[in-house]
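**Student:** Whole structure, please, built from the sequences with the hints as guidance.
Now for the letters of each chain:
Protein chains: 4
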Amino acid sequence: MEVGLVGLGNMGSGIAKSLLRAGHRVTAYNRTRSHLDALVSDGVKPAATPADACHGDAVLTMVADDSAVEAVVFGSSGVLSALPKGGLHVSLGTISVSLSDRLAAAHSNAGQQFVAAPVFGRPDAAEAAKLAVVAAGPSAAIERCRPLFEAMGPKLLVVGEKPSLANVVKLTGNFLIASVLESLSEAIAFARKSGVDPTVLLDFLTSTLFNAPVYKTYGGLIVEGKYEPAGFAVPLGLKDVRLVLQAAEAQSVPMPLASVIRDRFITAIARGNQHSDWSVLGRIAAEDAGLPAAKTDGA
Amino acid sequence: MEVGLVGLGNMGSGIAKSLLRAGHRVTAYNRTRSHLDALVSDGVKPAATPADACHGDAVLTMVADDSAVEAVVFGSSGVLSALPKGGLHVSLGTISVSLSDRLAAAHSNAGQQFVAAPVFGRPDAAEAAKLAVVAAGPSAAIERCRPLFEAMGPKLLVVGEKPSLANVVKLTGNFLIASVLESLSEAIAFARKSGVDPTVLLDFLTSTLFNAPVYKTYGGLIVEGKYEPAGFAVPLGLKDVRLVLQAAEAQSVPMPLASVIRDRFITAIARGNQHSDWSVLGRIAAEDAGLPAAKTDGA
Amino acid sequence: MEVGLVGLGNMGSGIAKSLLRAGHRVTAYNRTRSHLDALVSDGVKPAATPADACHGDAVLTMVADDSAVEAVVFGSSGVLSALPKGGLHVSLGTISVSLSDRLAAAHSNAGQQFVAAPVFGRPDAAEAAKLAVVAAGPSAAIERCRPLFEAMGPKLLVVGEKPSLANVVKLTGNFLIASVLESLSEAIAFARKSGVDPTVLLDFLTSTLFNAPVYKTYGGLIVEGKYEPAGFAVPLGLKDVRLVLQAAEAQSVPMPLASVIRDRFITAIARGNQHSDWSVLGRIAAEDAGLPAAKTDGA
Amino acid sequence: MEVGLVGLGNMGSGIAKSLLRAGHRVTAYNRTRSHLDALVSDGVKPAATPADACHGDAVLTMVADDSAVEAVVFGSSGVLSALPKGGLHVSLGTISVSLSDRLAAAHSNAGQQFVAAPVFGRPDAAEAAKLAVVAAGPSAAIERCRPLFEAMGPKLLVVGEKPSLANVVKLTGNFLIASVLESLSEAIAFARKSGVDPTVLLDFLTSTLFNAPVYKTYGGLIVEGKYEPAGFAVPLGLKDVRLVLQAAEAQSVPMPLASVIRDRFITAIARGNQHSDWSVLGRIAAEDAGLPAAKTDGA
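Chains A, B, C and D supply the protein sequences, listed in that same order. Counting in my numbering, the final residue of the first sequence is number 300, and the numbers go up one at a time with none missing. Counting in my numbering, the final residue of the second sequence is number 300, and the numbers go up one at a time with none missing. Counting in my numbering, the final residue of the third sequence is number 300, and the numbers go up one at a time with none missing. Counting in my numbering, the final residue of the fourth sequence is number 300, and the numbers go up one at a time with none missing.
Treat the hints loosely; a few may be bogus.
For chains that are exact copies, the list does not tell them apart, and a pair is met inside one copy or across any two.
To be verified - Below, in silico cross-link-like pairs of lysine to aspartate or glutamate (DMTMM-like), each with a Cα-Cα straight-line distance of 25 angstroms or less: (1) K86 - D53; (2) K163 - D198; (3) K217 - D102; (4) K227 - E288.
It is worth saying that the hints were derived from the structure and are not from the lab. Note that this is a predicted model, so its numbers are computed, not measured.
**Tutor:** In structure tokens:
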């Protein structure tokens, strides 16, 4: 297929490579030109504006947050004005439910189609075509995208016809991961201060009830106190929990556990961990227990 | 081996059968005589008091809570007074860290040995010899128990020489399970009220990042709203979270997430769910979101 | 003075009367025309648009929330375009810190002046000229407003030159009131279920350590379970706590207690109390304790 | 009256002086003899054991916590065994609801009478006869005590016939004070980081809605960051919140705000503030916001 791609951060660059490898043609735009240049040798055609990426079968956006999406979609030389009638915009990023609803309405008003298709997976999974894609939107539009999703990873969930349902699923997933981070952080602080070797504890738990990747990966980071470099930085984690809380508030759903986690991320930033991985909640729990940050620091 | 067993509730009865099946001889005491009678045909020899179960190689206790342990150990005709010098008491139940420390001291003062060996698993796992055992205590005493642990399940973790370390691990595990219950409850309430089919959501999550038994089992109960009959009733869940918080407070470790969960269990009881499974946190989250208790109720 | 006033809800109408009584001349605009007509006999001159209220010495805005302020200030026929160079806009409502900052910048760019002057007090205090005013903005502009503030109430606090500082103070005050609501709600539920007469408890507390109006007024409402009609409805309380949390997050200040209160307001709405007074947190606490809503209901 | 007094800490010593000044005769016991000797010149007659203080019209206990009460009441040479039939024990300390119930039962079984009469006020108020007394117990016993209560302060609340009701009121009051501490701590951290002078803020709030002693006193300590020496140390605050939560759990009353406060006190201890006043929650909130501990430190 012939696609446009707006946004070539770590995730967008990986997706571009996977799309090319699957035989799709990619015209891409990125605000920072150097990221784009790095991909030209892989076969990406450069676009000077988001609008320039809006021809072919679909335009994909993978940018940092709501305001970045607003800029590339609603701005001058943006996707909304450039996309032809019947054109298709696929939003791959983690955006708010309310923005997703606004995008659906705006594209519909312009006679265009909109699919929300946020992804689960880190940059290496994006490049290795191992993402899990959660998509929602009009069935016909989803079908048009299917070859693109297949190029991005083996796992596709179609949630329904209303695009923002996919954003709900993505935010729910990230909330659950953040819950694992906080619960492991508290558990490990408690175990350490009680004299239990946290490595032994984690090995046991993740070989029995909790043998899921999320416990193994993040549990290991917390036990080691290895929060830098960030795979997914604290402000991004805070953003996602905030989006969950906003969307839940709009539906009148209280989420007390999400509220606790939000406060912990804010504390992490206030205490100087804004460049750390979101698993740095482990450091916050350790500090609040009067422990050194990790067992290798002497506890 | 020749062992005594005090406590024949659902867990104790299952363990008795597994021990017998592995060739051990079991003399057992239970406060409610009928539970004991039911096991006589399986080969259990009845004891009239805890003291009467205190001969052979070790006496195991598997009773409901701290006060039950205090009664069978420190009471008249209790384990402490009946056990000979060098005798071995193995506590299998989920008890407080502080009681475990008191037991260790009392047995030590009496020239006896004490091992804490709480187990992970439900009654069916106890009967099927599929428990995971977490043990701590003097190495020699642990070694003496090894054939018993092997009869109870394939998985054994030895945490250290101080018995209460095993209780810390058990409580930590139960806290992590309770965290999964609350996070799933909030996530599913949010998804349902946003229009996402929770069955689809759960299938997706448990086939990717959260493919661990604890998410599948409890997620299913919450999605179905199937909280009765209880596998593990709310008051037991509350008790374990309380024990975690007490032990953590004794070490000056704040656990804000555990505090939230404690309040939710109390709310569950206050609203009439004391006989429900601890996954009934799903009903509390649904009610607080103004939802019917489960999707099958019409949401 | 000659002033414009945009917004004639309960608060705005009361303020209009106080201004007139002090001898000021008031030209007012309200979206719903009937509220305006009701004040014409008091001497208010009607304006057809916000712009029509923008002559004289200052224009005051007292509308429901951020989006209402945005509409009357930034919209066509709005305050920003109508106010002359050197003109003064005084925002009396409870708005977000970030909107206050945006207003300050926009008016400054237009060569106009901006003062934020949110008020403490209920509608009856507005009409009786008993409001407490918290003002911030350029000193000269504050001085120009002083006769207006004096007409509104006897208490004036000037916080500084940056307008949004006044909004911080207002939000802080409302957070503290909401904290009183939740703490009294929990305390009274605990006391009632323990068998203490809550009326006796409240009389004692408010005659000793807690002899402040906020405890007497709201404590009485909670003890009586008298949540309707609303003096200040739940969604307004939720809005203010949300604004506190947003402003605090922007400064990286965690506020765990505010987070708890936010969840309780959301729960109140989800359970059908959206038209009740924000003290209805007392009903939520009672329900969560398995109590009837108030002692007069039989507890 | 002729009374015994067990416990001569800061509070007990002040009460002894007030009783003597009102013309009562006091025989006192204290574990640390030096505190007792210091009062002999005031007219206190020394007792060698709690039992030795158990003659006359009543014996009052004012010791640190539940376990100290258990020691002086249930121990050998304790109050329970020494008090004659018809004798009266008045517990003035802040003890648990469950211990109060146990004391009532034990004294009743021994044909003795029991009154719980915890007090509000700091040591200086005890010495100045300005305590507020909350009493519960059999009416006749309360009447016998009335001259003693009048010697302790001008304010007496009689809650009912069941002694532990008085303990519920005392714990409720302390929970409300702790709520003020945490809410002020968060409010002041937010205001400071937003650029508002906290002294100005506090002056304004305590001259309007919050003009109660508890806001003025503790607000001042938090604004000044003056947490040492402790008027009421963190571990005592934590103890009281713990007792509230235990008593509330026994009644199935969730108290989410109390749970947050408990975690904050634990954090305060873990971070080294165990000797500070319980208003040190202000330091915790400041640190979690990345602020220096008080405005005088440069913020």
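**Student:** Run the structure past the numbered hints and jot down the numbers of the failing ones, going up.
**Tutor:** Of the numbered hints given earlier, the structure breaks just one, which is hint 3.
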